[in-house]
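Assemble chain H onto chain W, guided by the hints.
Number of protein chains: 2
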Amino acid sequence: MTQQLTSKQIVLASRPVGLPTDANFAYREIPVAEPGEGQVVVRSIYLSIDPYMRGRMSDAKSYIEPYGLNEVIVGGVVGEVVASKAEGLKPGDHVLGMLGWQTYNVVDASAVRRIDGTVAPLSAYLSVLGLTGLTAYFGLLDIGQPKAGETVVVSGAAGAVGMMVGQIAKIRGARVVGIAGTDEKTALLTDKLGFDAAINYKTVPDMRAALAEACPSGVDVYFDNVGGAISDAVMTLLNDYARIPVCGAISSYNVTDGDTGPRVQTKLIKTRSLMKGFVLSDYADRMQEGASALAQWLAAGQLKYEETIVEGFENVPKAFLGLFKGENVGKQLVKIG
Amino acid sequence: MTQQLTSKQIVLASRPVGLPTDANFAYREIPVAEPGEGQVVVRSIYLSIDPYMRGRMSDAKSYIEPYGLNEVIVGGVVGEVVASKAEGLKPGDHVLGMLGWQTYNVVDASAVRRIDGTVAPLSAYLSVLGLTGLTAYFGLLDIGQPKAGETVVVSGAAGAVGMMVGQIAKIRGARVVGIAGTDEKTALLTDKLGFDAAINYKTVPDMRAALAEACPSGVDVYFDNVGGAISDAVMTLLNDYARIPVCGAISSYNVTDGDTGPRVQTKLIKTRSLMKGFVLSDYADRMQEGASALAQWLAAGQLKYEETIVEGFENVPKAFLGLFKGENVGKQLVKIG
Numbered sequence: 027m028t029q030q031l032t033s034k035q036i037v038l039a040s041r042p043v044g045l046p047t048d049a050n051f052a053y054r055e056i057p058v059a060e061p062g063e064g065q066v067v068v069r070s071i072y073l074s075i076d077p078y079m080r081g082r083m084s085d086a087k088s089y090i091e092p093y094g095l096n097e098v099i100v101g102g103v104v105g106e107v108v109a110s111k112a113e114g115l116k117p118g119d120h121v122l123g124m125l126g127w128q129t130y131n132v133v134d135a136s137a138v139r140r141i142d143g144t145v146a147p148l149s150a151y152l153s154v155l156g157l158t159g160l161t162a163y164f165g166l167l168d169i170g171q172p173k174a175g176e177t178v179v180v181s182g183a184a185g186a187v188g189m190m191v192g193q194i195a196k197i198r199g200a201r202v203v204g205i206a207g208t209d210e211k212t213a214l215l216t217d218k219l220g221f222d223a224a225i226n227y228k229t230v231p232d233m234r235a236a237l238a239e240a241c242p243s244g245v246d247v248y249f250d251n252v253g254g255a256i257s258d259a260v261m262t263l264l265n266d267y268a269r270i271p272v273c274g275a276i277s278s279y280n281v282t283d284g285d286t287g288p289r290v291q292t293k294l295i296k297t298r299s300l301m302k303g304f305v306l307s308d309y310a311d312r313m314q315e316g317a318s319a320l321a322q323w324l325a326a327g328q329l330k331y332e333e334t335i336v337e338g339f340e341n342v343p344k345a346f347l348g349l350f351k352g353e354n355v356g357k358q359l360v361k362i363g
Numbered sequence: 027m028t029q030q031l032t033s034k035q036i037v038l039a040s041r042p043v044g045l046p047t048d049a050n051f052a053y054r055e056i057p058v059a060e061p062g063e064g065q066v067v068v069r070s071i072y073l074s075i076d077p078y079m080r081g082r083m084s085d086a087k088s089y090i091e092p093y094g095l096n097e098v099i100v101g102g103v104v105g106e107v108v109a110s111k112a113e114g115l116k117p118g119d120h121v122l123g124m125l126g127w128q129t130y131n132v133v134d135a136s137a138v139r140r141i142d143g144t145v146a147p148l149s150a151y152l153s154v155l156g157l158t159g160l161t162a163y164f165g166l167l168d169i170g171q172p173k174a175g176e177t178v179v180v181s182g183a184a185g186a187v188g189m190m191v192g193q194i195a196k197i198r199g200a201r202v203v204g205i206a207g208t209d210e211k212t213a214l215l216t217d218k219l220g221f222d223a224a225i226n227y228k229t230v231p232d233m234r235a236a237l238a239e240a241c242p243s244g245v246d247v248y249f250d251n252v253g254g255a256i257s258d259a260v261m262t263l264l265n266d267y268a269r270i271p272v273c274g275a276i277s278s279y280n281v282t283d284g285d286t287g288p289r290v291q292t293k294l295i296k297t298r299s300l301m302k303g304f305v306l307s308d309y310a311d312r313m314q315e316g317a318s319a320l321a322q323w324l325a326a327g328q329l330k331y332e333e334t335i336v337e338g339f340e341n342v343p344k345a346f347l348g349l350f351k352g353e354n355v356g357k358q359l360v361k362i363g
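In order, the protein sequence lines correspond to chains W and H. Straight run, no breaks: the first sequence in the working numbering ends on number 363. Straight run, no breaks: the second sequence in the working numbering ends on number 363.
Take the hints with a grain of salt, since some may be wrong.
Note that identical chains are pooled: a pair holds if it fits in a single copy or bridges any two copies.
[Said to hold, decoys possible] With a straight-line Cα cutoff of 30 Å, these simulated DSSO-like cross-link-like pairs (lysine-lysine) come out: (1) Lys173 to Lys296; (2) Lys351 to Lys296; (3) Lys351 to Lys116; (4) Lys344 to Lys296; (5) Lys296 to Lys196.
Quick caveat, the hints were computed from the structure, so don't treat them as lab data. Note that the structure is a prediction, hence the values are computed from the model and not measured.
Isolated chain W (complex conformation) (with noise of 0.2 Å):
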């Protein structure tokens, strides 16, 4: 059945200098061939639209391999199993993995793991139950340690890692304030998302005062998703003894000409305090724990999650540059077919 198939497929055209265009990337197609023995084919329903993918698209060195020029972009996918040669998976078969962006995938059944549609929504596999939810609990429980009491402040708090990891801090016992850069955003968090807490950066005429106002015995936990001046502004509230995971650095990705600012070093020296850089490949031997957790919590209600989506295989670059204008709520996805 898959001779006839193509698939559309986004390539990396060029590396970016600041700010990605279209003109980064390129579409082809190209034919979808027949699955050998132990392989799927996965038609796409969902790709993963993530920050750090714009560190990929960069060829500097970094905790994974630079995408190649020319090459498809890869991040994670859930999709459709329509044809296969593997033990275990079927067509009709919902699966997750690490994917090209192509309207078709043929891959090791090894590459995916099949989810559950009527557990979670599909796109659930993608957020909260996914890598992004995922990458808050490990930063956040391991890194972060909130206690109950304290206080935990989230940058990016309206983006897919930040509403979880406000959540989970909740769920913690921890006192809770976002940063976000829009008044809907700021509104989500306190109304729908529990934050006590929230801070619109583009509209507070001083982030440092707001801040103080809205952490009046300082800063435990930062959990920073941003970098740049929010993150100088966190710093100088620290407590003494203060955990900052350091998720991503958003602000600083597209910047090209010099990311300065207040050098750190007095200030956790004067506090005792931590910054650790991880991403989520530094836990894999404890993914169980993890997805255990954040499934438990999501059916026990304890935790909710937002996801902007936008619709067409041709609108994925798009949707990749709205992160870097803070287009999306919550986990950015495009949806396919």
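Relative to the frame of chain W, chain H by itself:
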């Protein structure tokens, strides 16, 4: 016998703005009280002169209380008991404590501990066997955790803490690169203290290139005593999962117009590295472990130490100011009487 004694005393006359000057200090003479029950009178022999004291001269929030205006400055002191109303301490005993910058201190016996000048020179209890040795021990081994074959970079390497860090890292089998500010210091590090390489940051044309050459396998542990541009350069060479004990930021202590530089977040994420500020008192419950290890290494000839000794109580401010000009090699002490 103490009735006729007077003590010289140095008080904080004004808080320094930028580099401290003589005008920030004032001399007084005070009568030495008779020791009360459980007290001793200690004649100062060595005063410990340390960069962290600059922090206590400001009134910013920090891990220890600021020095009070017009109050005596307190630091590490080795002295001799000259009068005692305390059990277990008698005139002629040598003791160590956090005492005033005075020629005589009258204190509770619990504020000092007896030291043995036959095991090691008295001054060693303020350096290799004292606060600076212990600071190196805990910061390097608890936060830095160097493994055999890893590369450890130390800034302020010819300072009292730095030279202990490098030697302990060598004991642990690491490759050690020191950064210091004179050719005499770098020669000391490589020729006498066993460092694998040393860089004179004041004369090297390109700090980053010199570091890259000295660290062909990158940097696994960066023991940071200085902050500033030197640390900016080291940060560019971090390996994955690097550890950065942040012990001091002497380059920043006197900066009044903003200590700014490249933000660290992106590098921490890309390398999943850890930075942690610390002070020795964080390890209060492990002092015996550290002191034993240092004493054993010293006895075994595995630790060498250097001192810069200025004579005369009237030269205490000069010795302190010299820290910020890099005048000391190893531990800066003032010898009295």
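Hint-by-hint comparison with the structure:
Within a single copy, lysine 173 and lysine 296 get their C-alpha atoms as close as 21 Å, and across copies as close as 28 Å, so both meet the 30 Å cut-off. Within a single copy, lysine 351 and lysine 296 get their C-alpha atoms only as close as 35 Å, which misses the 30 Å cut-off; across copies the closest is 22 Å, which meets it. With identical chains, the CA atoms of lysine 351 and lysine 116 are never at most 30 Å apart, being 40 Å at best within one copy and 73 Å at best between copies. Taking identical chains as interchangeable, the C-alpha atoms of lysine 344 and lysine 296 lie at most 30 Å apart only when they sit on different chains, with a minimum of 25 Å there against 44 Å within one chain.
Taking the shortest alpha-carbon separations for lysine 296 and lysine 196, both the intra-copy value of 28 Å and the inter-copy value of 28 Å come in at or below 30 Å.
Hint violations for this structure: number 3 only, all remaining hints satisfied.
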